Structure formats: structure tokens, C-alpha cells
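Student: Sequence:
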Amino acid sequence: MLPHEPVLRLGIFLGVLLALLALEQLIPWRRARPLGRRRWPANLGLAVLGALLVRAVMPAAAVGAALWAEARGWGLLPALGMPGWVAIPLSVILLDLLIYWQHRVTHAVPLLWRLHRVHHADPELDATSGLRFHPVEILLSMALKMVAVVALGAPAVAVLVFEVLLNATAMFNHAAISLPPGLERALRLVLVTPEMHRTHHSEARAETDSCYGFCLSWWDRLFGSYRAAPAAGEGVVIGVAGWRAPEQQRLDRLLLQPMRGGAGPAEAAVPPLVPPLAAGRPVLSAAPPQPGADRSMA
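Counting from 4, one number per residue, gives the positions in the sequence shown under the numbering used here.
In case anyone wonders, no lab produced these hints; they're calculated from the structure.
Just the calculated beta-carbon pair ranges, DEER-fashion: (1) His7 - Ala234: 43 to 51 Å; (2) Leu225 - Arg253: 33 to 41 Å; (3) Trp71 - Trp43: 30 to 38 Å.
Small disclaimer: the values here were computed from a predicted structure and weren't measured.
All C-beta atoms in this analysis are idealised placements derived from N, C-alpha and C, irrespective of residue type, glycine included.
Using the sequences plus the hints, can you model the full thing?
Tutor: Right, dumping it as C-alpha cells:
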């Protein structure tokens, strides 16, 4: 672990989160949000549980893996004799590319989608949505990053920068803020903006299967998954059909959600482990909630 890494990361995290929550009041995207702050305990609870699970299972995490590889001279970049001033930015870019493809895979593999659906099932968007991931998905993502960091030989400083950027941009591009059009267009040339990422959270499958980037916007353009904005514009419906009910936003329900089916045809091959919910109660019939245009792999 790098000196003062936990304090540094916590300070940046809290600073970015509080700044974005303030901006959501000053330049809101949507003022009418029925659930609003009632979603925060569950969203933040998932983030805390994910962090605790990673620390329990993989105490060193990605930065520790980088330090371990550095001490042994392991990885592609050291083997190529890559100087630090090249290795650091290149590592950040390549790790962001990894997360882009990881994200696409979670939409394509039904069992992984069940974990990722917890994130998409948020019926509203704000900065806390960027923290709303099932702890098991966080653990799997960290394992993948650690393998990639060791294989690449990414400098520990680069990994720390990437982790901070990933966390900050995830909160930023989920934030319920409306940027001035000129600023939004300029930022979008490099970064995933809130308007761009809202397309990905649309209920419509064709839109959910787009805009997979978290930090850099280049990958969606390069790999053909870019959509400028939702077809419905400001009227876009956020979330996953069948999973919007207020009682389904409780922390306990979100933790159990991957064991429940009912997100569309892509999950047809994966039978529910627990009967789906309706009005907060188990339903014994085999018919899952029908999402219509919703995605199953969203």
C-alpha cells in the first residue's frame, strides 16, 4: 500500500461526492425525483459492503498487486523497458479499456448481468448511482484488475490514479446535473458525460446496450457502441422494467436481487434461483416480469 493511500482516496471520494450532490441542487437535470434521497442508504450501503468485501478477500487490492509486481520486475511494460513517463499514462488508458470491455461482458453474459442489474435497477440517477454495484460484482472486478495490473506491470502510481479517476468519473457521469451545452460537448470529446451515460441507463434495450465507457469516451466511438443521447431526450425512462418498486430499492432486496430472474429474454437460459417479486412479495408462478423493450442483457 502506498503511504497515506486510504486517507487520500477517502478524501477525494468524499470531496467529489459532496461537490456533485451540491451541483445537483444548483444545476439539476430533473427536479422531480419521487424516491430521491430515500435511495441513498441502499446505494451507499452497497458501496460500503463492496469495499469491506474486497478488503476482507483481497487486502492488497489493485495498488498492492502493482507494488508486488514492481518489486519483482514483472509485467509487459517493464519487459519493454517502458519509462515511467510513458508507462503511467499508458497504464491508465489501458486499464480504462479493460473496464470498458468488462462492462460489455457483464451485459452479454446472463449470470454476470444478474449482478450488474443491481446497478441498472436504480429507478433514478444521481451521484450515488455511480456507487451502486453488488459487492460480488465489485469483488470480481477487483480480481480482474489485479490480474491485469500484474500482467501489464503497471506502476503503482498509475493504478492509484486510475482507481481514483474511475471512482470519481463514475459518480460524475451518473450525476443528475445539466451541464451547459458547450461544456458538455467539449468534455464529451474525452470523458463520459452525464448526458451520454444516461443513454446507457435507458429502459430501452438498444440504448442500454450502448455507451459502456466509464471514464474515457473514446472506446464507445472506436468500438461502435456510442449513442449521443436517448431517443426520448429528457423524457428517457431510467431503470429496468419490473425492478423499480420502492420496496425493491432496499439494501436487503438489492443484495438478493441476483438470485431472482425476470429481466428479459437474455436470461431465459438462467432459471430464477428465487421466485421474482411483485409488490414486495414472492410470486410462485413461473412467469417473470416482462420488460417489453427492456433488456435482459442491459
